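Chemist: Letter by letter, the chains look like this.
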Amino acid sequence: MKVLVPVKRVIDYNVKPRVKSDETGVDLANVKMSMNPFCEIAVEEAVRLKEKGVVTEVVAVSIGPAQAQETLRTALAMGADRAILVQTDADLEPLAVAKVLKAVIDEESPNLVVMGKQAIDGDNNATGQMLSALLGWPQASFASKLEVSGDKATVTREVDGGLQTIEAPLPVIITADLRLNEPRYASLPNIMKAKKKPLDTKDIASYGVDTAPRLKVVKVAEPPKRGGGIKVETAADLVAKLKNEAGVL
Amino acid sequence: MAVLVIADQTGGALSDNTHKTVSAAKAIGGDIDILVTGKDCKSAAEAAAKIEGVRKVLLAQSDDLGHGLAEAVEAAVVPLMGGYDAVLTPATSQGKNFSPRIAAKLDVSHISDIVEVVDASTFVRPIYAGNALETVQSSEAKKVITVRPTAFKAAGEGGSAAIEDIGAGDGAGATKFVTEEIVKSERPELTGAKIVVSGGRAMGSAEEFQKVIEPLADRLGAAVGASRAAVDAGYAPNDYQVGQTGKVVAPELYIAIGISGAIQHLAGMKDSKIIVAINKDGDAPIFQVADYGLVADYKAAVPELMSALG
Ligand SMILES: Cc1cc2nc3c(=O)[nH]c(=O)nc-3n(C[C@H](O)[C@H](O)[C@H](O)COP(=O)(O)OP(=O)(O)OC[C@H]3O[C@@H](n4cnc5c(N)ncnc54)[C@H](O)[C@@H]3O)c2cc1C
Ligand SMILES: Cc1cc2nc3c(=O)[nH]c(=O)nc-3n(C[C@H](O)[C@H](O)[C@H](O)COP(=O)(O)OP(=O)(O)OC[C@H]3O[C@@H](n4cnc5c(N)ncnc54)[C@H](O)[C@@H]3O)c2cc1C
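For the protein sequence lines, the chains are A and B, in the order given.
For the first sequence, numbering that gives the first Met the number 0 assigns the number 248 to the last residue and increments by one with no breaks.
For the second sequence, numbering that gives the first Met the number 0 assigns the number 309 to the last residue and increments by one with no breaks.
Source of the hints: derived by calculation from the structure; they are not laboratory data.
Don't take every hint at face value.
[Stated by the list, open to error] Derived lysine-lysine pairs resembling DSBU-like cross-links, with alpha carbons at most 35 Å apart: (1) B:K49 <-> B:K210; (2) A:K101 <-> B:K175; (3) B:K141 <-> A:K224.
[Unchecked claim] Computed far set for chain B versus chain A, every beta-carbon distance over 12 Å: (4) M0; (5) A1; (6) A26; (7) I27; (8) K49; (9) K55; (10) Q60; (11) E73; (12) G81; (13) G158; (14) S159; (15) D217; (16) G233; (17) I254.
[Claimed, not checked] Each pair of labels, with its calculated beta carbon distance range: (18) A:V216 <-> B:D15: 30 to 36 Å; (19) B:G29 <-> A:A28: 56 to 62 Å; (20) B:R54 <-> A:E56: 50 to 56 Å.
Values in this document were obtained by computation on a predicted structure and should not be read as measured data.
Think of the CB as a built atom: it goes at the ideal place given N, C-alpha and C, for glycine as much as any other residue.
Just need the whole structure built from these sequences, with the hints factored in.
Modeler: The structure is reproduced here in structure tokens:
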């Protein structure tokens with residue numbers, strides 16, 4: 000059984016993003032980039048499935064610039080077997096990413112796709128759902144628990160009021176939520192080993208998919224700043240301020 | 000121009016998120032219809048029919064729709080889209096689950112989590128955990144959008160739209176519902192509450208969380224929230240998480256207790272009207288967004304707060 004894990008290179012989650020002064024985007028020059036945290040969780044889950052003997056091969060795929068090779072090497076160091084970089088310097092919208100992933104899936108025929116629920120840059124929370132709709136495969140989003148047995152996946156999902164469990168026959172698209180697992184740190188020997196694992200680079204054009212942007216970015220602006228607040232000395236002062244000054248109690 | 004709004008309802012009770020999404024639809028303009036999906040949810044359709052400015056309410060019911068299965072909702076909505084220029088859904092977990100599918104089926108972009116309608120084709124949405132606001136323009140024939148409810152005022156009541164039963168659609172196909180664990184609470188719903196009291200990692204245990212945060216919330220008639228650290232550690236259930244990847248809240252009053260104020264947490268609460276932080280570390284980043292900060296150990300401060308409230 001084969002599992003495909005799409006991973007995205009994004010701004011490191013510890014970095015505070017800064018908007019460019021010309022309002023054309025977020026400044027990513029000389030900023031630390033890492034694997035999207037939700038993608039790390041997806042890789043971890045796939046590797047655990049392999050360690051449990053449920054799957055035999057974990058393939059990581061990223062659509063992005065040449066530097067996304069680093070992200071793929073991280074996936075390989077965590078335990079993925081091989082990687083595919085679909086190279087492009089363009090910023091793709093979720094629909095385009097989903098279409099390219101579909102083309103990769105048509106070639107690779109995985110039994111399972113485990114991916115992040117959301118990328119922390121675009122915050123779209125859309126790609127997995129779109130991919131499921133394009134493929135006509137069942138969708139299990141926001142997974143906090145995954146069990147694969149035989150040709151069936153049972154998935155516990157984080158929903159508005161608590162948890163929901165659904166089941167679906169393979170092949171299926173899973174999107175990972177925060178509590179699916181705690182991703183491992185790659186060990187130094189595994190980082191060394193990962194350098195020798197296969198990483199194929201393909202030109203995005205070779206998939207013949209229309210990835211042209213559909214949306215026009217008019218501007219990217221700084222959100223309004225909150226005015227500075229004050230410190231109060233005691234709980235009683237706080238209650239008095241909330242009643243008399245803020246009028247919220 | 001016609002806009003379809005997909006209602007947010009649970010067990011036949013219509014959520015206010017629907018009214019807020021109708022306001023976003025009004026900003027786009029044109030006729031507004033509401034689709035209510037679920038099971039045994041006629042009462043939600045009746046409530047939706049009373050929202051001011053609504054032309055018609057469509058009702059689709061089945062077991063799969065009752066469980067909110069994404070494939071089923073998509074199958075109910077896509078055939079209707081011949082008659083609409085845009086479909087708007089509240090950006091709840093449920094809405095985020097199915098709305099991108101509709102976009103993919105229509106071969107158009109998904110415009111996620113909008114906080115402002117500039118005009119009928121231009122929208123503002125937060126990216127990078129709310130550290131940037133992106134204005135995007137769509138020239139596509141159909142617009143598929145999720146709406147951040149806290150960014151819009153609720154549409155008023157006073158309408159009397161007709162309700163039309165449209166049957167169930169095709170169902171969810173191979174995906175089957177197994178079980179759910181939904182926590183029933185007497186407290187107000189987190190995303191719509193006027194006051195939210197949230198606890199963080201400082202609580203140290205589920206017992207402490209219940210002993211400290213919940214009585215204060217109940218005294219204030221507030222909803223309870225939590226940081227990711229508190230949820231991961233099992234002090235609070237997953238649906239309490241406020242933040243970039245949890246729920247977004249914008250109450251009149253947000254009280255953060257023992258929460259440091261990581262950007263991912265701020266993304267979910269920094270649009271609150273008044274923010275109060277109680278933290279023993281005077282340098283905690285939460286104080287940079289707090290209107291009122293109390294540098295104190297919560298173990299002393301919360302009991303004092305309870306007695307000051309009387
Ligand atoms: C109008 C517009 C303007 C943009 N401007 C910028 C910009 O200024 N700067 C910038 O950096 N980006 C920009 N982007 C790109 C955007 O931020 C997102 O990267 C893109 O829309 C994908 O959305 P997402 O990553 O939020 O997807 P989500 O749906 O949140 O991602 C979910 C999951 O999909 C998978 N996935 C997503 N993308 C990839 C990928 N490339 N390869 C492999 N797997 C993937 C991952 O598993 C991920 O966890 C822009 C996009 C649009 C539409
Ligand atoms: C991909 C990703 C997504 C995330 N999404 C979210 C999200 O949606 N929501 C979210 O909240 N986080 C999210 N996080 C996690 C976030 O980065 C922080 O780790 C988290 O918010 C920290 O929670 P905390 O403030 O409770 O804990 P800490 O940062 O540990 O802060 C605890 C605070 O309590 C104070 N304290 C300790 N003892 C006391 C006491 N006795 N009295 C008073 N104060 C005390 C300390 O001074 C400290 O400031 C996400 C992280 C990632 C990587």
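Chemist: Now look at each hint and say whether the structure bears it out.
Modeler: Hint by hint, here is what the structure shows:
Only pairs whose Cα atoms come within 35 Å are accepted, and B:K49 paired with B:K210 is rejected, the gap being roughly 41 Å. At most 35 Å may separate the alpha-carbon atoms for a hinted pair to count; A:K101 and B:K175 meet this at roughly 23 Å. At most 35 Å may separate the alpha-carbon atoms for a hinted pair to count; B:K141 and A:K224 meet this at roughly 34 Å. Taking the minimum C-beta to C-beta distance to chain A, about 19 Å, the non-interface status of B:M0 holds against the 12 Å cut.
Against chain A, the non-interface label of B:A1 holds: every CB pair exceeds 12 Å, the least being about 21 Å. At roughly 17 Å, the least C-beta separation between B:A26 and chain A is larger than 12 Å, which holds for a residue marked as non-interface. With a cut of 12 Å on Cβ distances, B:I27 stays outside the contact zone with chain A, its closest approach being about 16 Å. Non-interface status of B:K49 relative to chain A is upheld: no Cβ of that chain comes within 12 Å, the nearest being about 23 Å off.
For B:K55, the requirement that its beta carbon stay farther than 12 Å from each beta carbon of chain A is met, with the minimum near 26 Å. For B:Q60, the non-interface assignment is confirmed: its Cβ lies about 19 Å from the closest Cβ of chain A, beyond the 12 Å cut-off. Listed as outside the interface, B:E73 is inconsistent with that label: its C-beta sits roughly 7 Å from the nearest C-beta of chain A, within the 12 Å cut-off. Distance to chain A confirms B:G81 as a non-interface residue, since its nearest Cβ pair spans about 18 Å, more than 12 Å.
At roughly 26 Å from the closest C-beta of chain A, the C-beta of B:G158 stays outside 12 Å, upholding its exclusion from the interface. No beta-carbon of chain A comes within 12 Å of the beta-carbon of B:S159; the shortest separation is about 29 Å. Listed as outside the interface, B:D217 is consistent with that label: its C-beta sits roughly 15 Å from the nearest C-beta of chain A, beyond the 12 Å cut-off. Annotated as non-interface, B:G233 brings its C-beta within 12 Å of a C-beta of chain A; the closest such distance is 10 Å.
For B:I254, the requirement that its beta carbon stay farther than 12 Å from each beta carbon of chain A is not met, with the minimum near 9 Å. The beta-carbon spacing between A:V216 and B:D15, approximately 31 Å, falls within the hinted interval of 30 to 36 Å. In this structure the hint that B:G29 and A:A28 lie 56 to 62 Å apart at CB is violated, the actual value being about 42 Å. With their beta carbons about 53 Å apart, B:R54 and A:E56 fall inside the hinted range of 50 to 56 Å.
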